[in-house]
Amino acid sequence: MIHQIHNARISTKIIATLIMTAFLFFAIITMATFTIVRDVTMNAQREKAALLVDTIEASIALSLFLGTKNFGEKLSAITRLNEVVSVKIIDKQGKTILNYHKYKADVSKETIQITKNLSEPGSLQPIGSITLTYSGEAFIKAMNRFYTLYGWIALSIAILLLFMLTWINRLLVPIKLIAKKVRGYKPGEKVIFDIPYTQREFRQIIHAFETMQERVLHYSNEIETINQNLEKKITEKTHLATQHLYFDNLTTLPNRLKLQEDLSVNGINTVAILNIDDFKEINDFFGIDAGDWLLKQIAYWLGEMKLSPYRLGGDEFAFRLKPGNTSTQFRHDIEMLLSLLSEKLFLISDETIHIHATVGIAIDSDKPLIHADVALNKARNNKLPYSVYDQSEGIEQQYQANIAMSAQIRQALVEHRIVCQYQPIVSCINGQIEKYETLVRIQNEDGSLIGPYDFLPIAQKTKLYHHITQEVVYQACNLFATRHEQFSINLSSTDILDVRTIATIENILRQTGTANRIIFEILESEGIENFDEVALFITKMKALGAKIAIDDFGTGYSNFENILKLNVDILKIDGSLIKSIDQNPRHRIVVEAIVDFAHRIGIDTVAEYVASEEILKNVSDLGITYAQGFYTGKPQFLNQ
Amino acid sequence: MIRLWFILSILLLFIHAEDNVLLNTHIKMIPKIMVLDLKAASKSNTATLAIVYESNRKALAQNIADEINQNYNGKVGNLNFLAMAVNVDDLLLRKDVTFVYLTSMSNRSVDKVAAWALTSSIPTFSYDLSDLERGILGSIVIERSTIIYINKNILKEGKFRFNDTLFQLARLI
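Protein chains in written order, with this note's numbering: chain H, 1 to 640; chain A, 1 to 173.
Hints may contain errors.
Said to hold, decoys possible - Distance windows between CB atoms, simulated:
{"no.": "1", "chain 1": "H", "residue 1": "Thr115", "chain 2": "A", "residue 2": "Asn71", "range": "26 to 32 angstroms"}
{"no.": "2", "chain 1": "H", "residue 1": "Phe34", "chain 2": "A", "residue 2": "Asn71", "range": "52 to 58 angstroms"}
{"no.": "3", "chain 1": "H", "residue 1": "Asn117", "chain 2": "A", "residue 2": "Asn80", "range": "43 to 49 angstroms"}
{"no.": "4", "chain 1": "H", "residue 1": "Asn117", "chain 2": "A", "residue 2": "Glu157", "range": "32 to 38 angstroms"}
{"no.": "5", "chain 1": "H", "residue 1": "Arg80", "chain 2": "A", "residue 2": "Thr46", "range": "42 to 48 angstroms"}
{"no.": "6", "chain 1": "H", "residue 1": "Asn117", "chain 2": "A", "residue 2": "Ala59", "range": "30 to 36 angstroms"}
{"no.": "7", "chain 1": "A", "residue 1": "Gln62", "chain 2": "H", "residue 2": "Asn117", "range": "24 to 30 angstroms"}
To be verified - Listed next, the in silico DSBU-like pairs over lysine-lysine satisfying Cα-Cα at most 35 angstroms (straight line):
{"no.": "8", "chain 1": "A", "residue 1": "Lys32", "chain 2": "H", "residue 2": "Lys95"}
{"no.": "9", "chain 1": "H", "residue 1": "Lys88", "chain 2": "A", "residue 2": "Lys152"}
{"no.": "10", "chain 1": "A", "residue 1": "Lys156", "chain 2": "H", "residue 2": "Lys116"}
{"no.": "11", "chain 1": "A", "residue 1": "Lys75", "chain 2": "H", "residue 2": "Lys116"}
Stated by the list, open to error - A few chain A residues facing chain H, derived, Cβ under 10 angstroms:
{"no.": "12", "residue": "Thr25"}
{"no.": "13", "residue": "Lys32"}
{"no.": "14", "residue": "Ala41"}
{"no.": "15", "residue": "Val76"}
{"no.": "16", "residue": "Leu79"}
{"no.": "17", "residue": "Arg144"}
{"no.": "18", "residue": "Ile147"}
{"no.": "19", "residue": "Asn153"}
{"no.": "20", "residue": "Glu157"}
{"no.": "21", "residue": "Arg161"}
{"no.": "22", "residue": "Leu172"}
Simulated from the structure, these hints should not be mistaken for laboratory data.
We treat Cβ as the ideally placed atom computed from N, Cα and C, and that holds for glycine.
Isolated chain H (complex conformation) (with noise of 0.2 angstroms):
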C-alpha cells in the first residue's frame, strides 16, 4: 500500500492532497457551521418560545394569583401560532390548572419545552408553572436548509475537484509526452519535444533534455569514434591473434593447431612428422638466435618443396597428405625430401652446414600426429632416416603399458609397496659378507615382485624417481642402524641434482646414525657428465664417512683420471666384464688393469655379477677385494 502510495502518479497525489485538504477543511468547516447554526437556530426557537412564554406570563400569573382562570383569552395570543404545541399551567400545589395541547398530525417530533415559574405580583412568591411546548419544526427546516445548503456546497466542491483533477491532468500531459519521447530516446538521435502548450516549469525539463541531448550527442559521437577505433584494433588483434594462434612466429608456417583442424576439416588422415636430427646440439653450438635462423631457412626450404609444411614447434615439421596425393606417393615425396634434405648446405654464421632429419608417418590413422609421433620415435631409436607406424608392433600399447606401470609407482608409493631387497658382498678374502646392496623393487599387491629394470625408467620420466630414492634411502638406513654391515645405495645423478633429495639423505643419515657405513653407488658416466655437482655431493658425504662407489665401472669410457679427481672408495666392475672373466681374455686384461689401478691408487674393488665358483676363483685370483653375485648371496629380505 506504501509503496503503491509512493509510486503513485503525481497528477494522483496532487488531486489525493487536494481531495483530502478539501475533505478536511469542508468537514471542519461543516461541522463548526453546523453546531453553530444548531446552536443559533435553537437558541432562536428557544428565546421565541421563552418570549411567548413572557408575553403572557404576567397576565397568566395575575390570573392564577387573582383566581380568574380567564386564561384562554390569554393564552389565545400565543396559541394561534403554529409553532406552540401545547401549554401546560401548573398551581403551586402541582394541581394542573390548565393542560392546552393543540392537535397537529404533522407536528414534528422536535419540539423545544420551555418552563417558567409565575410569581405572585408584588411578593413575588411562586405560585405555579407555565410550560410551553414548541415545535421545533422551524428548527428542523433552518437546519433542513442548513443540509441543502452544504449539500450544494459539497457538490459544488466536488464539481471544483473534477475539473481540478482535469486541469491538472492537462496540465501534467506535457510530463508524459516528455516521457514517452525520452523513453524512446536512443543516443546518436535528437528528439524533438514539440510539446503544445507547456508550462514555463516544462520548458525548462525540455530545454535541461535538450541539453543533455547534445551532450549525449557529442559523447556518442566520441564513443562512436572510440569504438570504430576500437573495432578496427579488435579486427588487427583478431587478425594477429589468429595468425599468433595458428601460425608460427618464428617460420610463418602454420602450426600444430592449425594441422590439427585442417585435418579435422579435410579428413585426411596421412600425415609426416620431420625432426631434425641433433639441433640441440646445433643451437647449444651456435646458438639460440642461429638456431632460430637455421629453422627459418629449413622452413622457407620445405616450402619451396611444394609439402606444404607446418611447424609442430621446436626442430618439429610436419606435412599431410596433399588431395588427390596416394599414400605411395606421400611416402616417396617424404623419401625424396630427406634425401634433398641431407644434400642441401645451409648457412650459419658465414658457416655451411649440413643437417640431417628423421621422419615419422602415419598413413590412414585415427590419430595422425600421435602415430607419426611414435613413427618417429621408433626411427630415431632405429636410427632410421623414416618410418611408418604400424600398429602391428604395439608402441602404442607400450605407451599404454608405461602410463599403467607410472600409475603403479604413484600407487606404491601411497600404499608403501616400495621395499628393498639386500644383495650380499662377500670379501673374497675370508668369503664373510661383510656389506650388502641396497635393490629397490615394487610388490604387489598379491606379494609379487617388481624388478626396478621393469618401473625405475619410467619412474625417471615421471618425476617420481626422487620419491623412490628417499623411500629406499629411508628404508635401507633404518635397517642398517640395527646392523654392524655396510650398505650401498644407487643414486643416479638426477637424484645428486636434486638438492631436497640430498637434504632428506642427510637429514636421514643423522637421524639413523648410519654415515659411516652407507655406500653410495653413482655410475661413471653420471659423474663424468655432472662432475661438478657430482664431486660436491662426494665431498659433501664423505664428510659425513660415507663412501662412494663407482658402478659399473669398465664399461663406456672410462676415465681413471676423473675417478681420482672424484676421490671415489669402491669400483664396483662391470657385470658384463666378470660374468665372462673365464672365458674371455680381452675382459681379463680389462678387469686385472682396473685392479691394478685400484690397487695403485689404495680403493677396494667388487666384482658383479659373479655367478658360479669358477667366476669367484678368478676374481679372487685378480685380487678383486669383493664379489657380488647370484652365486655369493642372492638378493634377499633382511628385515622379515
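Add chain A to chain H, keeping to what the hints say.
Relative to the frame of chain H, chain A by itself:
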C-alpha cells in the same frame, strides 16, 4: 362612552340584589387587587380594607369583611391587612383606610365616597359596575370570564399606581 352606557344598562336589568357568586368572587379578588396597589403594597404596617356600607346594610358588609379576614387570615402576599365594615359617613372621617370596597348603596353615598377617595387618593372598588360612572375606580364582573374594569379617568385623576400586570388583565373604561 356609548359602550359604557350599554354595559351598565345590561347590568341594571339583571342585578337587583347582591349576587352571591359575584360577591364571592369579589371577596376572593378584592384583597388581591388591594395588594396590587403599589401604595398599599409599600405599607409596612397593617393595611385597612374598608368594606363600606350604607344605613342598614352593615350586616352584609360585616359578613364580607369577616369572610375576607377568614379567607386571607389577615395577610395577602406580603401585606398584612384587616378587613372591616365601615359606614359611609365614618369612612369620610377615617384616615387609616388603605383600600375601599363599596357594597350596594345610594348614588349620593357613592358620590361622597368617590369624592373623598379621589381627594385621599385611596383606591375604591365597588360591587356595582355602574358606580364607576360616579367616580369609583374599579369593579369586577363576571361575564364569559371574570373581568376587572377600571375607570381610567379616575385612575388618572387620583394618580393611582398599580402593578403593571393588572392592566394586562383589567379593562380600562
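Verification of the supplied hints:
no., hint, in the structure
1, H:Thr115 - A:Asn71: 26 to 32 angstroms, "holds, 30 angstroms"
2, H:Phe34 - A:Asn71: 52 to 58 angstroms, "holds, 57 angstroms"
3, H:Asn117 - A:Asn80: 43 to 49 angstroms, "violated, 25 angstroms"
4, H:Asn117 - A:Glu157: 32 to 38 angstroms, "holds, 37 angstroms"
5, H:Arg80 - A:Thr46: 42 to 48 angstroms, "holds, 45 angstroms"
6, H:Asn117 - A:Ala59: 30 to 36 angstroms, "violated, 42 angstroms"
7, A:Gln62 - H:Asn117: 24 to 30 angstroms, "violated, 38 angstroms"
8, A:Lys32 - H:Lys95, "holds, 21 angstroms"
9, H:Lys88 - A:Lys152, "holds, 33 angstroms"
10, A:Lys156 - H:Lys116, "holds, 33 angstroms"
11, A:Lys75 - H:Lys116, "holds, 26 angstroms"
12, Thr25, "holds, 8 angstroms"
13, Lys32, "holds, 5 angstroms"
14, Ala41, "holds, 5 angstroms"
15, Val76, "holds, 9 angstroms"
16, Leu79, "holds, 8 angstroms"
17, Arg144, "holds, 8 angstroms"
18, Ile147, "holds, 8 angstroms"
19, Asn153, "violated, 23 angstroms"
20, Glu157, "violated, 24 angstroms"
21, Arg161, "violated, 12 angstroms"
22, Leu172, "violated, 14 angstroms"
In summary, the structure is inconsistent with hints 3, 6, 7, 19, 20, 21 and 22 from the numbered list given earlier, while agreeing with the others.
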